[in-house]
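K.L.:
Kindly produce the complete structure, drawing on both the sequences and the hints.
Here's the letter readout for the chains.
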Amino acid sequence: MSERYSFSLTTFSPSGKLVQIEYALAAVAAGAPSVGIKASNGVVLATEKKQKSILYDENSMHKIEMITKNVGMVYSGMGPDYRVLIKSARKLAQQYYLAYQEHIPTAQIVQRIANVMQEYTQSGGVRPFGVSLLIAGWDEDEERPYLYQCDPSGAYFAWKATAMGKNYVNGKTFLEKRYSENLELEDAVHTAILTLKESFEGQMTEDNIEIGICNQDGFRRLNPTEVKDYLASVQ
Amino acid sequence: MGADTRATEDTIVADKNCSKIHYIAPNIYCCGAGTAADTEMTTNMISSQIELHRLNTGRTPRVCTANRLLKQFLFRYHGYISAALVLGGVDTTGSYLYSIHPHGSTDKLPYVTMGSGSLAAMAVFEDGFKAEMEKEEAMKLVRDAIAAGIFNDLGSGSNVDLCIITKDKVEYLRPYDEANLKGVRQGNYRYKKGTTAVLKKEVVKSMFEVVKTQVKTTKPESMDTT
Chain A
1 MSERYSFSLT
11 TFSPSGKLVQ
21 IEYALAAVAA
31 GAPSVGIKAS
41 NGVVLATEKK
51 QKSILYDENS
61 MHKIEMITKN
71 VGMVYSGMGP
81 DYRVLIKSAR
91 KLAQQYYLAY
101 QEHIPTAQIV
111 QRIANVMQEY
121 TQSGGVRPFG
131 VSLLIAGWDE
141 DEERPYLYQC
151 DPSGAYFAWK
161 ATAMGKNYVN
171 GKTFLEKRYS
181 ENLELEDAVH
191 TAILTLKESF
201 EGQMTEDNIE
211 IGICNQDGFR
221 RLNPTEVKDY
231 LASVQ
Chain B
1 MGADTRATED
11 TIVADKNCSK
21 IHYIAPNIYC
31 CGAGTAADTE
41 MTTNMISSQI
51 ELHRLNTGRT
61 PRVCTANRLL
71 KQFLFRYHGY
81 ISAALVLGGV
91 DTTGSYLYSI
101 HPHGSTDKLP
111 YVTMGSGSLA
121 AMAVFEDGFK
131 AEMEKEEAMK
141 LVRDAIAAGI
151 FNDLGSGSNV
161 DLCIITKDKV
171 EYLRPYDEAN
181 LKGVRQGNYR
191 YKKGTTAVLK
201 KEVVKSMFEV
211 VKTQVKTTKP
221 ESMDTT
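Going down the list, the sequences are from chains A and B.
When we follow the UniProt record's numbering, the leftmost residue of the first sequence carries the number 1, and every step to the right adds one.
When we follow the UniProt record's numbering, the leftmost residue of the second sequence carries the number 1, and every step to the right adds one.
It should be emphasised that the hints constitute simulated quantities derived from the structure, not laboratory data.
All figures in this text were calculated on a predicted structure; none of them were measured in a lab.
Built from N, CA and C at the ideal position, the CB exists for glycine as well.
Accuracy of the hints is not assured; some may be wrong.
Quick partial rundown of chain B residues pointing at chain A, CB under 7 Å, derived from the structure [unchecked claim]:
#1 Leu52
#2 His53
#3 Leu55
Derived lysine-lysine pairs resembling DSS-like cross-links, with alpha carbons at most 30 Å apart [to be verified]:
#4 A:Lys87 to A:Lys177
#5 A:Lys87 to B:Lys167
#6 B:Lys201 to A:Lys69
#7 B:Lys71 to A:Lys87
#8 A:Lys69 to B:Lys167
P.N.:
As structure tokens, this is what we get:
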């Protein structure tokens, strides 16, 4: 954090809005689409990972990342800001584990991350994060899945299914029609791919999308072979 | 790796079955001797740091990394953190065994012992160790070394715990050998009723003298409405 400015750069406008946060949300809405669906026995996260050139080595970097063995997340917006939040989230999760000898519940890590994001809207010399996060987790005690969204403002929402990034309105409308309470994880992955397909330009392959699932076995990112199988059943 | 299960407070046994083989990572475990709180907290802390490192790098953690983190932490406290550790594990570069002393010095060796029973255990190792031992042989040797400590050192006792780490899996055998089970009483030592003959029975009523009699009426207290 900058030591120079002691005053916040995020200030209120006469209409009562924090324009920096509005602009941050605009940055998110311009980012690559990402989708999250909570099934009865797990959560699926999916995102588009289109690279601007074929020279990019797609498998060296990932958008869907693990925070702890039972929580993972994905983003829409600015990649560099996301990396800062991943590092922060992982550290917070470990601190919780050291203090309580318990793996951090999803709601707790979401609150902590959201708190970090809020700090950057009220601290000196910093700007809000240009990302919205989708956090998927499995609660061991309650034996149920959770899906949360964290916004640049620090607000967080629990969702059954949601879409972020480009064309998120269409994505959400699509999900409203397709979502049902007793969706199983397999069907949820299928639905997530279809939702991404709505706003996808070109051919969807296992190298330009990423899928992560979270169930009672924990969180994991699907490897390209598994993604290919799911895509084959969609096509 | 092996350990006994006795935790002492000077000359008193505080815990007859404590767990001294601590988890660091799925492929790395650490035995701790010295102050129980120090070994527990230190290994927990380094386990957390290794987990963070694992998430950030996306790789299985290396034993040498855990070694570095532990020694740098202990050196910072100049021996005031009384943790003498035996760190072992298997990673992509091979299998490793380290002994870590409270001041922060480490040794990478084929066999190590730490703690009050370390001399007894080392004596067994020096006699029985051979290079490239088979798993069963090695398990027996470690068990015998810990047993030497259990039976000859007052600071060690109870059971033998073993932890075998290989490339594919970890066997956490707790207990591996319960060498000090409480004995079962051989006979019934209760005396039958009537063993002691009753010669005389005398019943004496204890006399109380009335000193003072006071009669009081109990009326309900008025409510405090202030």
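K.L.:
If you draw a straight line from the CA of Lys69 of chain A to the CA of Lys167 of chain B, is it 30 Å or shorter?
P.N.:
holds (21 Å)
K.L.:
Starting from Lys87 of chain A, check that the Cα of Lys167 of chain B is at most 30 Å away, please.
P.N.:
OK: Lys87 of chain A and Lys167 of chain B at ~29 Å, within 30 Å.
K.L.:
Quick one, are Lys201 of chain B and Lys69 of chain A close enough, alpha carbons at most 30 Å?
P.N.:
Distance of about 75 Å is beyond 30 Å: violated.
K.L.:
Restraint: Leu52 of chain B near chain A, CB-CB cut 7 Å. Satisfied or not?
P.N.:
Constraint on Leu52 of chain B satisfied, holds at 5 Å.
K.L.:
Keeping to a limit of 30 Å between CA atoms, is the pair of Lys71 of chain B and Lys87 of chain A held or broken?
P.N.:
Holds: Lys71 of chain B and Lys87 of chain A sit about 25 Å apart, inside 30 Å.
K.L.:
At a threshold of 7 Å, is the proposed contact between Leu55 of chain B and chain A supported by beta-carbon distances?
P.N.:
holds (5 Å)
K.L.:
Does His53 of chain B hold up as a contact with chain A if the rule is Cβ-Cβ below 7 Å?
P.N.:
violated (10 Å)
K.L.:
Hint check: Lys87 of chain A vs Lys177 of chain A, CA-CA at most 30 Å. Holds or violated?
P.N.:
Violated, at about 36 Å.
Checked against the numbered hints given earlier, the structure breaks hints 2, 4, 6 and satisfies all the rest.
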